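**Student:** Take a look at the letters that make up each chain.
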Amino acid sequence: MEPNPNPNPIDWTKVSAIIEEHRTRKWSLIPLLQAVQEAVGYIPPETIEPIADALHMAPAEVQGVVTFYAGFSLKPKGKCVLKVCRGTACHVKGSRSILRHVKNELQLEEGETSQDYQFTLETVACLGACFLAPTMMVNRDYYGKLNPAKVTTVLGQYRKNREDD
Amino acid sequence: MCLVEDEATGRIMASCVTPAASGMSVLTHSPRILNHRRNIVRLMMAEHPESCIVCNKGNRCELRKIAAELGVGESGLYPMPNPIPFEQINPFITRDLTKCILCGKCIRADHDLVVTGAIEYNNRGFRSRPATLHEKPLEDSICTFCGTCVSICPTGALSAKNTRYAGTPERETDSICGFCGAGCSLTIGTAGGAPGQSVVDVNPSKRKVSVNGATLCMRGHFAGDFLNTSDRLIRPLVRNPDPFSRETHLPADWDAALTLVATRLSDVRRTYGPEGLAFIGSSKCSNEENYLFQKIARDIIGTSHVMSAGWGFGQRLLARIDEKTLGSVRVSPLSDLENAEVIVAVNADPENTVPVAGYHIKRAVRKGANLIAVDAARSDLARRATFWVQPGLAGTAVVLQSLARALVAKDHYQGQFVAQFCSGFEEFSESLTNSPKNPAASVLHSSVQAAADLINGKTVAFAMPANLLDFSDGEETLNAILNLCFLTGCLKPKSSGLYVLNTENNLAGALDMGTAPNFLPGRVKITDAESRGMDMGELVSAMETGRIKAAYVMGENLLRCLPQQDRVAAALKNLEFLVVQDIVRNRTTEMADVILPGAAVYEKNGSFTNMEGRIQTFSPAASPPGEARPDWEILGQLVRAMGYPEQYQSIEKIRKEIRQAVPMYQGLGNHYQEWVRNRETGNPFICGDARFSFFPPSGLKTPSPDPAYPMLAHIAPVRYHLGSGTRTSRSERIRAWGQAGEVELPTAAFQSLGGNGSGKVRVTSRFGSIERTFRENRNLPEDQVIIPMGVNGNDAANLADLTGGWTLAWVCVEKIG
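Sequences listed follow chains H and S, in order. 1 is the number of the first residue of the first sequence in the numbering used here; add one for each residue after it. 1 is the number of the first residue of the second sequence in the numbering used here; add one for each residue after it.
In isolation and in its complexed conformation, chain H is listed as follows:
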């Protein structure tokens, strides 16, 4: 399922401010990119050239850095970023079926974002909460000791939050 093109126009004042702040710092490319990711939710491809210009780098080089790290995304992410852990402990405790359940509930494949930009589904190698296996992370919150019912509850919570907006 291909999401629609970016629903929100890029806030250039914010981005320019971030670029100005980092322009003269040394080794500032990654902090700059982190700040943009934080502010906008992703690294808009249109910002790559201004960033490269400010740091006297070639735009292709900036893109190389952005694509190298999984933490940076060139595509807008959903409001809720779900990370289902597929590490060793979680796998042993059944995270594969948790993942399958999440996929069914959200009608999303791994790496996809929903049409309405509410949910993004990702898998990660380890969340570092193995004693709570199987775990999943939604934005900054950890959810552990999951079973299909609990997953439905959690997802329902986030869906309800959206309806309230």
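Hints in this document: simulated from the structure, not taken from any laboratory. A few of these clues could be false.
Stated by the list, open to error - Using 16 Å as the maximum straight-line C-alpha spacing, the simulated EDC-like pairs for lysine to aspartate or glutamate come out as follows:
| no. | chain 1 | residue 1 | chain 2 | residue 2 |
| --- | --- | --- | --- | --- |
| 1 | S | Lys410 | S | Glu430 |
| 2 | S | Lys494 | S | Glu674 |
| 3 | S | Lys136 | H | Glu46 |
| 4 | H | Lys79 | H | Glu122 |
| 5 | H | Lys83 | H | Glu105 |
| 6 | S | Lys136 | H | Glu49 |
| 7 | H | Lys14 | H | Glu46 |
| 8 | H | Lys75 | S | Glu135 |
| 9 | S | Lys367 | S | Glu338 |
The structure displayed is predicted, hence computed values, not measured ones.
Go by the hints and put chain S onto chain H.
**Tutor:** Showing chain S alone in chain H's frame:
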């Protein structure tokens, strides 16, 4: 693959990152190491597509070579194909990244050698691949198609797109490129049985010492396929006496053609005197050819009308510089740019004129040199500058004069150099302080001061375009640059620090050999007014009035490169006899009474002198097509046909004569590379009493443009054509590249014409008009436009004044359609 084994400890180390230490004993081919290498190759091959049989890289594939050396036939592993879409729409480079082994050489070439920054590794691990910005195809990126990555790629991932030939060339010969003034060393790959070996592949040569190293540019690398165009002249042609026939010219054999030429030239000479003939030689033909050419003109015929179109395209500037520097700084190796700490580029656009010089400059900047660009239009190079100074209303000369004033005022100049080698410093510095400060220049005050601080005490180099004198303040700008050279002490006998971006391969050599109106071979100025030749504008007038009755044109497509093409055509028509010696049929050959087929660079012997003052000799890589002959051979046979006793049957004979007659070229032919010699007499570095003199600034009046033609148009070279584009427009690849040559307008003008780039504009000057599509260039000042040269039959040249500067024109721009 670089693994080595430490003999003592048995440790296996990566040799590319392990520093050598004394006492180390390293095994490079121990059984363990070979086993590891074999496994690595097996892994590479498991990911590599099994298409060796149809791969263009064929016998040149390094992966195949290493696999063969290590004895790896089948990988024996589970295949892990990594298919990536094939890219082959652009006419230059075919990209099959499925074959990429991630050696990183293409990226290193792009970042370190040519410093463009078009590609970089994207993603990581198994999915890692070189990619452009936004992963667009190469033609939608800033790739300049220099082809350096293609030559360096060890597998078939990157290959030159070749519609005529697949696989490894049969033979490879070294030669020198015949396009711009860099004089890159090439290896020409040829295939096809003799006669008519065709050139199928061009790569940078593997010579240890060359101008270009492992780099090339779009023209040198890919435009060589013009040699195979069907427009090549393959036999002598004589004008058909039947005016109603469809065939304007009939084939003739060499003896008949040469006899006809000799007879007719002698006839004209007898009837109208030697001054009734003109000889137009070529800044693209070799030194030997130009020498022989002007010898025929001056010695055998006895005329003073000798020149080349190169005079208007830059030889004039070279001659002025040589005069003003007393002929003592003729050598300027590009490699010295890498030692310069500050580079001052004045209106220089090497990316489009001499890309390889641009690479040297960019590499220096990458190493930490400061680049000060004084440029109205912010060229590609100026965008990388530490400092970009836009001269604005003040004009370039005034900006440079202010820089000189700042250096003197702050005592940031090389006092010792000035004291030892220069005269007139006191008057000069007085004139600087006394001359009224140009109000427009004071706007740039702080940038000029900052630039002066940057320069203080550093090694400086200066780069300027070959068309500097076309600008209204050109002479003043040149003076200002030379003053700065004196002040910064950058001039040295073997390394002048002065770089003129010669747009043509033998601009300097043709001047040195005397194919110039005011100079004999060796840059000996003709002072006697009687014996001085005319410049091109005067020559065309003389043809129009009938003062000149016959002309011999070698290697110049006058009707494409000169302005006011209709006028030139009418003038040529007025001649009683016209001989044109060239390699492709073009507009100029069509006007000739006799057409003689010459040979292109890769098909003959000769030597060129590049922008550095380096004389490079070359041998043929292929044979000329049909009955065409090397131009020096034709001239030699013409000499014999005219009854002159001297025989020129070998190139060595001509070289010997040049060595004796031209002290500057004493070293010609001794080695494949030699340097021109500086003047001996009056040379401040040799003679104690000779001095460079400063050039006090003279009051400059900025010309007020005709209100009917308010904008200044730069008829600018582009990297995909060489000058007027006679050769490059016949390259299949360049034609497929299909650039429209859009007119570039400044923002205000662009907005006033609708602001969306649709439709066309008509650009009109006093001398002609053209129609082109257009786009915006945000870096242009309000009153300037850029019109690409070479495109569309080089119709842009018609905007310029034949008697003035050929690369600038005052125009008005209006929207049509």
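**Student:** Are the hints correct? Go through all of them and say.
**Tutor:** For each hint, the structure was consulted:
Our distance criterion of 16 Å between C-alpha atoms is met by Lys410 of chain S and Glu430 of chain S, whose separation comes to about 14 Å. Our distance criterion of 16 Å between C-alpha atoms is met by Lys494 of chain S and Glu674 of chain S, whose separation comes to about 12 Å. Simply put, Lys136 of chain S and Glu46 of chain H have alpha-carbon atoms about 14 Å apart, close enough for the 16 Å limit, and the pair holds. Of the pairs offered as hints, the one joining Lys79 of chain H and Glu122 of chain H holds, with about 13 Å between alpha carbons and a cut-off of 16 Å not exceeded.
Of the supplied pair hints, the one linking Lys83 of chain H and Glu105 of chain H holds, its CA atoms being roughly 15 Å apart against a limit of 16 Å. A C-alpha spacing of about 14 Å is found between Lys136 of chain S and Glu49 of chain H, which places the hinted pair at or below 16 Å, so the restraint holds. Pair hint Lys14 of chain H plus Glu46 of chain H holds up; C-alpha atoms about 14 Å apart against a cutoff of 16 Å. In summary, the hint linking Lys75 of chain H to Glu135 of chain S is supported, as the alpha carbons are separated by about 14 Å, within the 16 Å threshold.
A hinted pair counts as satisfied when its Cα atoms are at most 16 Å apart, and Lys367 of chain S with Glu338 of chain S qualifies at roughly 8 Å.
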